[in-house]
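There are 2 protein chains.
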Amino acid sequence: MSRQGFITQGAITVKNRQIAYVGRKDSLPKIKAEKVIDARGKIALPGLINCHTHVAMTLFRGLAEDKPLDNWLEKSIWPLEANLTWEDVYWGTLLGCVEMIKTGTTCFADMYFYEDAVAKAVEETGLRAVLAQGVIGANVASLGKETLKQSFFFVKRFNGSANGRINAWFGPHAVYSCNVELLKEVRRLASEKNVGIQIHLAESLEHSKKVQEKHGISEIRLLEKIGFLGSDVLAAHCVFLSEEDMQLLRKYNVKVAHNPVANSKFGLAISPVKELLDRGVCVGLGTDGPASNNSLDLFESMKFTALLQKQHYEDARVMKTWEVVEVATLGGAKALKLKNVIGSLEVGKRADIILIDFDKPHLKPFHNVYANIVYSAKGSDVDTVIVDGRILMEQGELKTVDEEKVMREAEKRAFNLTTR
Amino acid sequence: MSRQGFITQGAITVKNRQIAYVGRKDSLPKIKAEKVIDARGKIALPGLINCHTHVAMTLFRGLAEDKPLDNWLEKSIWPLEANLTWEDVYWGTLLGCVEMIKTGTTCFADMYFYEDAVAKAVEETGLRAVLAQGVIGANVASLGKETLKQSFFFVKRFNGSANGRINAWFGPHAVYSCNVELLKEVRRLASEKNVGIQIHLAESLEHSKKVQEKHGISEIRLLEKIGFLGSDVLAAHCVFLSEEDMQLLRKYNVKVAHNPVANSKFGLAISPVKELLDRGVCVGLGTDGPASNNSLDLFESMKFTALLQKQHYEDARVMKTWEVVEVATLGGAKALKLKNVIGSLEVGKRADIILIDFDKPHLKPFHNVYANIVYSAKGSDVDTVIVDGRILMEQGELKTVDEEKVMREAEKRAFNLTTR
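As they're listed, the protein sequences go chains A and B.
For the first sequence, my numbering gives the first residue as 94, with consecutive numbering after it.
For the second sequence, my numbering gives the first residue as 94, with consecutive numbering after it.
In case anyone wonders, no lab produced these hints; they're calculated from the structure.
The structure displayed is predicted, hence computed values, not measured ones.
Worth double-checking, as some hints may not be accurate.
Note that identical chains are pooled: a pair holds if it fits in a single copy or bridges any two copies.
With a straight-line Cα cutoff of 27 Å, these simulated DSS-like cross-link-like pairs (lysine-lysine) come out [unchecked claim]:
1) Lys-160 <-> Lys-302
2) Lys-277 <-> Lys-318
3) Lys-249 <-> Lys-505
4) Lys-108 <-> Lys-242
5) Lys-303 <-> Lys-213
6) Lys-367 <-> Lys-168
7) Lys-492 <-> Lys-135
8) Lys-135 <-> Lys-432
9) Lys-135 <-> Lys-498
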């Protein structure tokens with residue numbers, strides 16, 4: 094599928110984990126295929142890319158509702174997280190991986206604790222991911238040092254692992270939760286290791302104000318001042334932005350992970366995605382953690398992105414359907430420094446492909462493929478998922494993970510957590 | 094399921110189309126059931142109620158995207174509608190009925206042309222509906238007269254039809270598209286016939302301004318002045334409201350159909366649902382027509398309702414999950430003058446019941462039933478649908494309509510329409 098077009102009667106071939114042919118079926122070179130998938134009535138799309146989540150938080154789904162961000166974090170989530178074990182994170186992640194595969198997400202960016210447990214789940218399920226062990230410690234220097242050390246070892250051990258499907262990055266939690274020295278050290282190490290950085294940025298007015306009060310400038314200006322900004326920085330949220338902030342994001346080619354559902358659920362503002370795109374800032378799409386969404390379905394986030402932007406700018410012409418699909422695929426690939434690897438169906442890219450079953454009542458009639466994808470399709474319409482040339486789901490059936498077992502074990506751990 | 098609670102290990106019995114028992118299974122009186130449905134792992138909910146749609150517009154789904162409301166209506170939709178036939182409306186409605194049943198909607202309010210074709214589809218599929226043949230004619234008196242005559246005959250013929258599942262109302266399109274004389278005549282006839290009135294109200298700033306310029310007062314004030322307002326009026330949209338407008342809606346107990354997805358898609362504002370509820374105004378949920386949404390899935394609209402209200406008021410505590418479920422069920426029943434008939438699972442009410450399959454990865458863990466329904470469940474999780482005691486879908490299989498045939502025929506007609 095090209096930027097605004099699509100191929101009818103198409104065919105795709107995969108060889109050595111890569112896309113070897115994309116085009117019309119009648120131009121397909123003669124090959125002897127090991128495996129043929131009949132995709133009649135289906136749409137092939139690059140796998141969707143989730144640029145910001147904390148997958149293991151599936152365990153907390155529904156646990157703390159209708160709370161403002163600060164209260165939610167401090168009163169509900171952090172106390173629960175203090176009791177998390179490696180096994181909890183592993184099973185919570187598996188539960189999220191199942192949900193992502195079933196809804197057509199083939200790659201995700203994650204930042205959490207016990208990130209090696211997340212890596213294990215990614216390795217086993219066959220997904221692709223950009224993972225970061227969280228770094229935190231604004232006031233406690235020893236905590237900052239310790240978490241940075243863990244983050245560093247995580248990068249060393251996991252970058253390039255799972256046959257190249259895992260990239261390991263640094264994950265400083267946010268400006269307000271890390272001090273300047275810690276952020277500088279993260280920056281230095283990321284450049285040294287040539288890996289990216291995930292960070293929460295300009296998410297809430299409260300946090301932005303704290304930084305403004307302490308340093309007299311915005312979070313983004315502060316990051317510029319300490320030499321932190323760069324094209325390898327993936328900034329999640331970016332809800333509260335001044336014109337200067339947007340210009341800085343553009344100048345340093347910082348990538349933005351847009352999380353419309355979580356931002357709204359916390360009663361925050363709407364990220365000015367249209368203005369970011371107008372200025373040439375790269376935007377990818379995220380769900381945020383399943384406890385603040387409470388879903389990992391990017392189809393829903395695509396629809397919500399379009400609706401919120403139109404609503405925010407009071408203009409139905411804003412955020413066209415093909416733009417939304419681009420943000421959720423190629424935009425995500427660029428945001429994760431994977432634009433040469435995934436994000437579009439092009440020869441030479443890794444075969445991360447999903448098939449959507451379009452032969453359903455709610456996807457009829459077929460007037461407009463992009464409108465049907467963004468406004469009418471649901472995660473549950475995803476039929477087949479391929480990552481790195483490997484089939485993870487075929488006709489709705491998972492191939493790499495025992496769904497039943499994961500549901501039971503994750504739920505048992507989730508219940509157990511609340512009574513510890 | 095009571096207002097904020099729910100029953101575990103529950104059982105429901107149905108006799109003579111009505112709910113005969115709701116409670117714990119161990120208190121169930123001994124009965125000999127004709128048919129038993131094992132609902133283990135499932136949640137029973139009153140069928141969802143769609144308070145505003147134009148179902149046959151499934152045929153236009155995806156046809157005219159990214160357009161402001163006026164342009165969309167005048168340049169795209171009205172020219173297409175001029176070519177619609179009775180058969181088009183019938184098949185388009187059937188397609189929408191299939192989608193509604195599959196996503197747990199058991200009752201809907203519809204306003205369109207050839208409404209008798211809609212009634213036929215409702216009769217055949219087994220759904221419940223409040224239908225209105227549209228009345229229109231601001232400047233052409235003869236058109237107003239003619240459409241009112243049709244609307245009148247529709248009420249006479251169809252009110253109480255389909256074994257009582259169809260209520261027929263009057264459907265004046267909007268204040269700006271009907272003149273004052275026509276609206277007065279509608280009001281008189283509705284009171285005479287003791288049926289309700291569906292109307293578009295305060296949907297767009299443009300239309301509101303037109304009325305303001307012509308009459309010097311708001312749409313709602315104008316309707317009050319001519320004696321139109323009453324507890325039998327269902328006003329769709331109500332996006333642009335002054336404090337006085339809200340007070341008038343409350344004073345006359347006018348019902349509001351909230352359409353968050355369509356309002357956002359047209360770049361309109363967010364309806365102040367929280368403020369309406371605070372003032373005691375009855376609010377139901379609508380999808381609007383499938384060409385301006387482009388879905389009939391009320392689970393999606395429930396989630397958007399919560400998110401948009403929280404976002405609008407910048408407060409995560411606004412619009413709690415149980416409130417959203419109430420709006421989509423009992424709120425809808427009240428809005429359609431059916432509060433003694435449907436909208437909750439209570440003994441003596443009609444058996445309009447849906448079962449949601451909660452044994453799915455994205456609905457685990459089960460910490461909070463209302464949060465899981467509003468934020469995590471999808472229309473595709475609906476497993477079984479019962480209307481008026483009759484099973485319309487069981488374990489995902491439709492019982493009253495040939496889904497395959499409807500898809501083919503509706504799509505053929507939709508394609509044909511664009512080339513007429």
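message = Of all the hints numbered above, which does this structure not satisfy? Sort the numbers upward.
response = 3, 4 and 5
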